[in-house]
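*Asks:* Given the sequences, and given the hints that come with them, work out the whole structure.
Position 87, counted from 1, in the sequence shown is what numbering that gives the first Met the number 0 calls 86; the numbers after and before it change by one each time, with no gaps.
Hints may be right or wrong, so weigh each one.
List time: in silico PhoX-like cross-link candidates among lysine-lysine, alpha-carbon distance up to 20 Å [unchecked claim]:
1) Lys100 x Lys50
2) Lys86 x Lys58
3) Lys58 x Lys6
4) Lys55 x Lys86
5) Lys86 x Lys6
The following label-pair restraints were derived from C-beta to C-beta distances [what the hints assert, rightly or not]:
6) Asp51 x Asn9: 28 to 36 Å
7) Asp54 x Lys100: 30 to 38 Å
8) Lys6 x Ala49: 16 to 24 Å
9) Asn48 x Ala21: 15 to 23 Å
Simulated from the structure, these hints should not be mistaken for lab results. Built from N, CA and C at the ideal position, the CB exists for glycine as well.
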Amino acid sequence: MENKAVKRVNVVEATSLLNTDAVTIVDIRDRQSFEVDHMQNAHHVTGNNAKDFIDKTDKDQPLLVYCYHGNSSQVAAEYFSENGFNKVYTLDGGFDIWRTKNS
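*Replies:* Rendered as structure tokens:
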């Protein structure tokens, strides 16, 4: 069953979200990929620091989660939603599409 608190967004919708709302951005890719390039102001969240991130982050602020291609972020988004985040978005196509459309 699809979680209503999690919504997939395309690049245009993500850009609009980033431009209009105070949104927290989460990059779940590996550290090396994050260090090479990531969305501005993105937090690198992994299994090692997820609990700390969840404990310290405002659950009412929208959360945009992305990975490489938009698949793994779905699982992560569900996890964040289950841990109290009210508005969770995932980037359809992931960072690869984002980089293509924003380079």
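*Asks:* Check each numbered hint from earlier against the structure, then list the numbers of those it violates in ascending order.
*Replies:* 1
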